[in-house]
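Novice: Fit chain B to the supplied structure of chain A, relying on the hints for placement.
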Amino acid sequence: MNETVATEPALPGVFARAIGIITSPKATFEHVVRVPHAIGILALIALLTGAGTSAFSFTEKGRQAQLDFQVQQMERFGVTVTDEAYAAMEKRSAYTPYTTVVGMFIFFPIAVLIVSGIFYAIFNAIMGGTAEFKQVMAVTSHSWVVPTLGALFGGIMNFARGSISSSVANLGLLLPMLKEGSFAANLAGAVDLFQIWWVLTLSIGLGVLYKRKTSSIATGLFIVYAIIAIGFAYFLRKG
Amino acid sequence: MNRKKLFIGIGVVALLGAMAYANIVFKKDTGIEVTVEKIEKRDLEAIVSASGKIQPKRSVNISAETMGKVVGLAVNEGDVVKQGQFLLQVDPRNLQTAVDSREASLAASRSSIEELKKNRDTVSLTLKNYQEILRRQTELFKGGLVTREALDQAQLAVNSTQAQLAEIAQRILTAETRLKNDAANLESAKYDLNKVRLVSPINGIVTKRNIEEGETVVIGTMNNAGTVLLTIADMSVVEAEVEVDETDIPFVTLGQQAKIKIDAFPDRSFKGQVTEVGNSPIVTAGATTRATNFKVVVTLEETIPDVRPGFTCTADITTATRQKAVAVPIQATTVREMVVDASGQIVRDPVDAGKENRSRRAVATSADLKPGQSRKELEGVFVIKDGRSVFTPLKVGISGDKYFEVLSGLKEGDEVITGPFSSVRGMKDGDPVKIAPSTSGAAKK
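Residue numbers (the working numbering), protein chains in the order written: chain A, 1 to 239; chain B, 240 to 684.
Chain A on its own, in the form it takes in the complex (with noise of 0.2 Å):
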């Protein structure tokens, strides 16, 4: 008599896993939350966005689209930019590129552990929820392969405009008719579309994790989305 033993399927690839995301995002998060492995992934999206984000300051017109958008943040943020204070800034310019790339390694196990707690702490602790921690952090970082795609699709965006903006996909770019520095214009420059993604495909992973529904935990996302959003562009709003 043969005994037929149930085998868990194998989790796939790193790189698969990262185009499952985009592909099949349910059926990856199912992998993944089965076999909840996160340092890969961070790793390779730490690898990407900091390519994506530097690629561009590698070069001379790059570094300088770089340096002038460092003091356009700065003053948008009511700090003024003293001549020393840029002098300073343009001789740390040539080592950014490299920092931003050793800074990602560090900034996203952070963010995922920060983010991964905020879920962990609503899902489990309030509402209930049973997953263990290292799934909602293996969760959290795969769906950050959204924000990775949208890192690569900036940078190549760099390159096509020959300068650096915040954001390459948002809202605001396909309305260009809204007055610079208005509430409006602030909104839509808020509302990103790999963000909107982003949100789309953590609420599915999270509804994979803790079995609801999609569209109830993407709804409370929005929302705190939303909120964000309309402070940002109250906050930024000029008249």
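If you're looking for bench data, these hints aren't it; they were derived computationally from the structure.
One thing to keep in mind: the hints can contain errors.
Stated by the list, open to error - Partial selection, computed: residues in chain A whose CB lies under 8 Å from chain B:
#	residue
1	Leu174
2	Ala188
3	Val191
4	Leu193
To be verified - Here are the simulated SDA-like pairs of lysine to any residue, each with C-alpha atoms no more than 25 Å apart in a straight line:
#	chain 1	residue 1	chain 2	residue 2
5	A	Lys134	A	Leu200
6	A	Lys211	B	Lys244
7	B	Lys624	B	Ile569
8	B	Lys244	A	Trp197
9	A	Lys213	B	Lys498
10	B	Lys498	B	Glu485
11	B	Lys667	A	Thr82
Stated by the list, open to error - Here are the in silico distance ranges between beta carbons for each label pair:
#	chain 1	residue 1	chain 2	residue 2	range
12	B	Glu272	A	Val79	16 to 22 Å
13	A	Ala184	B	Lys292	54 to 60 Å
14	B	Glu272	A	Tyr95	30 to 36 Å
15	B	Thr573	A	Ala184	31 to 37 Å
Quick caveat, the model's predicted, so the values are computed rather than measured.
We put the CB at the ideal spot given by N, CA and C, even for glycine.
Specialist: For chain B alone, kept in the frame of chain A given last:
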């Protein structure tokens, strides 16, 4: 299921394509939004403004010349008075008594002279008689009919009478001198008496009255405002006494035209002319920190009804004028530290399309100056050229209300950046700029 994924995939790709298109086509200008103004020729007027007070050209303080109680007061503040019009009366009784006494004294002196003159006439007749006796005695003595003693007695009588006559003449002279003295004393007393009746020395307005009927006045002294009874101002010619700042005073000269605005008549202005420029600074007693100002008097060329001394006013003195001068808006001018070469020319970085913020690079790298280069603070404006701000040094002449006269550095038709202030304040040479839509039309005009 696969068709659904296909549609989603196509949608995502289409959206990304749209985003990519938007990124490239709708690439926003990176320049700072600025307002601009085209340089034009304008008529300019350099004005020095100063504030002060309206004063009459002629003002008289009436003080008492004699002490006494005021027994009659005929005017109030604001009354219009004519020259010679009675103002007030100080009690005259003491002075009247003095006049009476001196009149009596004068009369006595006259009487004394009359008496002496009559005495002189009598003595004169006696002298003639003695002279006749002497003449007869002399003839008789020649005929040997009288003695020598009789002749000598006749001569003695003549001499004695002549001496008496001379004495009387001297006494008359003395009495006449005394008479003159008494007459003078009487005049003095009468003059003093007149001083208790004060009349207006000029046509004008009573601008101040410090006395009431029944009060006792004291003799007026200079530098003691407390002894001034009345002030009468001739308001037919008024002046604006203004305080001009030391930095402006070198430009103010006699004869310059001015426009006076009196706060009490807010809707009108009056023409005037500078008639006095102070050479000593105005010293304010008690002030610890103060600006150094100089007094300038502007005489108004027109009469102002109902004007009162002390009205506050502002004088706009026209110190210079220019016709059709190239003019730059004052708010466009600024000062920047620039790197200049040995010949004084600004050293600029070459424009590179890839270097969006060229100016900052210029400042940052200019820390390492090349031989012959130096940093220099220059006054100038930012001119728009090819979408960038170009700092252009300029020499300015007179300053009008809103414009400076341009002596060199700009020409008619140049577009200078005028604002907003927050942008111009931190603007550097070579910054990318874009003209604000509201002013782009104006700039093209």
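Novice: For every hint, state whether the structure bears it out.
Specialist: Hint check results:
1. Taken as an interface hint, Leu174/A checks out: its beta carbon lies about 5 Å from the nearest beta carbon of chain B, inside 8 Å.
2. Given hint, Ala188/A at the interface with chain B, is violated; its Cβ is 11 Å from that chain's nearest Cβ, farther than 8 Å.
3. Given the 8 Å rule on beta carbons, the hint for Val191/A is violated: about 12 Å separates it from the nearest Cβ of chain B.
4. For Leu193/A, the interface hint holds, the least distance from its beta-carbon to any beta-carbon of chain B being 6 Å, beneath 8 Å.
5. Note on Lys134/A and Leu200/A: the hinted pairing holds, with a Cα-Cα distance of about 21 Å set against a maximum of 25 Å.
6. For the suggested pair Lys211/A and Lys244/B, the alpha carbons sit about 22 Å apart, so the restraint of at most 25 Å is met.
7. Restraint check: the Cα-Cα separation between Lys624/B and Ile569/B comes to about 20 Å, which is no more than 25 Å; the hinted pair holds.
8. A distance of roughly 14 Å separates the Cα atoms of Lys244/B and Trp197/A; the hinted pair therefore holds under the 25 Å criterion.
9. Annotation: proposed proximity of Lys213/A to Lys498/B is violated, straight-line Cα distance about 83 Å (limit 25 Å).
10. Proximity of Lys498/B to Glu485/B is assessed by CA-CA distance (about 20 Å); at most 25 Å being required, the pair is judged to hold.
11. Distance restraint check for Lys667/B and Thr82/A: the Cα-Cα separation of roughly 12 Å lies within the 25 Å cut-off, and the hinted pair is therefore satisfied.
12. The supplied range of 16 to 22 Å is met by Glu272/B and Val79/A, whose beta-carbon atoms lie about 19 Å from each other.
13. Range check, Ala184/A to Lys292/B: about 57 Å between beta-carbon atoms, so the 54 to 60 Å window is met.
14. Between Glu272/B and Tyr95/A the CB atoms are about 33 Å apart, so this pair conforms to the stated range of 30 to 36 Å.
15. A hinted range of 31 to 37 Å for the beta carbons of Thr573/B and Ala184/A is consistent with their spacing of about 34 Å.
In this structure, the hints that do not hold are numbers 2, 3 and 9, in rising order.
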